[in-house]
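Asker: These are the residues of each chain, in order.
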Amino acid sequence: MTTRPASIHGASIHELVTAARAVAAPAPRPARRTSLASTRGQIALALALGLGTAPASPALGAEPAKLLNVSYDPTRELYADVNAAFARSWKARTGQDVTINQSHGGSGKQARSVIDGLEADVVTLALAYDIDAIAEKAKLLPADWQRRLPHNSSPYTSTIVFVVRKGNPKKVRDWDDLVRPGVSVITPNPKTSGGARWNYLAAWGYALRRPGGSEATARNFVAKLFKNVPVLDTGARGSTTTFSERGLGDVLIAWENEAFLLSREVGKERFEIVLPSVSILAEPPVAVVDVNADKKKTRALATAYLEFLYTEAGQEIAAKHFYRPRSAAVAAKFASQFPKLSLFSIDEFFGGWQKAQKTHFGDGGTFDQIYQVK
Amino acid sequence: MGLTLGYLAFIVILPLSALVLKAAAMGPAAFAAAATSPRVMASYSLSLKTAVLAALVNGVFGFVVAWVLVRYPFPGKKVVDALVDLPLALPTAVAGIVLTTLYAPGGWAGKALLALGVHVAFAPAGIVVALVFVGIPFVVRSVQPVLENLEADVEEAAASLGADRLQIFLRVVLPSLLPAWLTGLALAFARGLGEYGSVVFIAGNLPMKTEIAPLLIMTKLDQYDYEGATAIAVVLLAVAVTFLLFINGLQRLSSRRGAAV
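Chains as they are written, first to last, in our numbering: chain A, 2 to 375; chain B, 1120 to 1380.
For the record, the hints were derived by calculation from the structure and aren't laboratory data.
On a predicted model such as this, the values are computed, not experimentally measured, just so you know.
Don't be surprised by glycine CBs; every beta carbon is placed ideally from N, CA and C.
Please note: incorrect hints may appear among the correct ones.
[To be verified] Covered stretches of chain B, as calculated for chain A (at least 3 residues, CB under 8 Å):
id, region
1, 1153–1164
2, 1167–1176
3, 1220–1234
[To be verified] Taking lysine-lysine pairs in the BS3-like style, the calculated list, with each CA pair at most 27 Å apart, reads:
id, chain 1, residue 1, chain 2, residue 2
4, A, K228, B, K1168
5, A, K225, B, K1328
6, A, K138, B, K1168
7, B, K1168, A, K359
8, A, K167, B, K1230
9, A, K228, B, K1141
10, B, K1196, A, K228
11, B, K1230, A, K269
12, A, K171, B, K1168
One chain only, chain B, in its complex shape:
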């Protein structure tokens, strides 16, 4: 217990406190000005929207991937299972460059999509693509173990009591998966909110249009505006923490309900 706390304090709380302290030294007026200029506001909105969208996409498809990996035997399953973790291991810059090459107007996916009138690279859609890529392991790896522990006889029991497949899924499987699924979503979202390396390559980085908040932090640092950078970082941190707490609350709620069922 003491070790855990000490470790977390050193690795997590210390740097974060330094961040907050630096921001606190600014004074409220300077902080508000730095954290809410139009360009910064536009970047929050973009970062939030793309992170939410990517988390939802991963929520659906990550769930499907986890489901298939747990429930269906197929050749090469171990390899596919290992593939899921790759986005965590790959340097994000590499992911960004690969995705950009693929989705740029000259790349093969980009060319096909452009023929349909869809811009992916250098547009907000490109940011979502990158965030989906880096976020997928979080959903799959959160849902998978819980799904594995969900025993088939519970479903059989439900079936024997006359539930149809949809009922079984909605009333038996889903409630017990919900907390894990929400955790996965929250992690994917939080990761997406702060993701920098892969996004800067594919985003296009146009102010007010495709400029994400973490890029603005880097930009401020390059202008020697340490305080402005800190202000944005603190806002992002606050959003991420609020969101994680909110999801934690939801989880508690749903597991209580789950226990009642």
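Isolated chain A, as found in the complex:
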């Protein structure tokens, strides 16, 4: 009787399977997949658009231009509209056709792709820290990038609100209700999600601002809150799905725009938005990536693109997609949509992103401490 070496279809397949599956698996597979897929999507899109527009504009002499906007997760709908409007306005002004390609994903992952060489002309991310990282690690734009455009380079703002199930069965009114025993809270992991960091700091700031609030009471408050969190998704969209599709949790802490989208998309009959008494002023910033734009000779176009976000038209599109506009006129127009909230800024309470990141989300920061003190 013989014993053969075990094999699926031969020993070499074995080795390959072992190698490919087991050993290479710790490599960042999903990130690759996202960026590959989006790049492929962009190419397909560029081809489709390129074929469609090329015969239309040869007379004007201007070469059709292309921009790549690398953005974060919940802005898909926003930039689809912005890009179409900007392309029209640019064409009217200069006669040049412009195609803007989009890439979306978690803010940190997107920043990493740009650092690793994704040739973004502009980045529109969830928080300044991620653009800081691009400036610091890859030196693709100057460190003082945030002073180059008005309002901390954030053409629109957002805030953090609660979504509860219809009828608000757990009677959630404010931050204090999130630490009550028996209330289950859904929020993503602040280590991986930009939105989750805003959530975390909003809760921290609320506790700090209460009468008698201190760093110690804030830490306790946030620790108690996270005891009520059964799942930490890696991104904001993941948490939204957990809450809406899996039916987990009594409260979802979310971007205001994401909360609106959820209550509109899934229907008002299932969810309600609850506005806490205070929240954080979230400023998702935008920037031209100098080195890439210069290399691709798109700096003027890229700058105009970002400036478009500050125009009346751009502000109106942002407001339509539930981002709070900076322009007073547009804000007045959408006043009924955005109830007044008491908002604090990250500079006010946390000394800016660099410091907040280090204190709270770095290795051994307050978030790690919450989970390691057992």
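Starting from the known structure of chain A, arrange chain B on it as the hints suggest.
Answerer: Using the frame of chain A, we list chain B on its own:
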């Protein structure tokens, strides 16, 4: 031979060396700190336990599946046989989402289990479920061909010499299947150790509780901590390699014994 080596060097050894080199550049103190913080240790322990458990579950049921597929004719056998490979073809994220939907407290399997007080989704049990799913083909496809080549007359001979069924199974069938079965187990384990896509959806990802080591690698990368990520990856790689070598050794041992019988 040269082609094989060249191919393997390019596809496997090159990226792995890059990984090890990056880790080597860290210096031992930084490496130790990154690779052994409490949260990282908790994730190793979780990843190891769930991967071992899933491999054992697959070891038992994969064996049964292979046995039935080889030994018993039944209608639709070809379809069932093809089904076994599906977990390899399905994008792991899809597997994760489907399993989560099924086992979440609101899903139909999850609801029934919850009534019994069992949490599957967003608990370590959910991780095992996902790993069992992605690991099953490895055991079945390792055992199946060997079982097919195991001729019935050997068993008949044993029976004619007075062995009962249990004796035949334990002394004749099992020894010749053992190396293949161990290979299947090892592959399922190694796959489970590195599996990311399906697990992150069902695990719940709570630090110290349901956070697997590959997720921690992704987390570190998102924090621009390339070195920390590399350190964890190297540890996982070392565990997987050690385990595969160990199984290889066991196999050699058992095939030598098998040959002696």
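Asker: Which constraints among the numbered hints does this structure fail? Numbers only, ascending.
Answerer: When the structure is compared with the hints, numbers 2, 6, 7, 9, 10 and 12 turn out to be violated.
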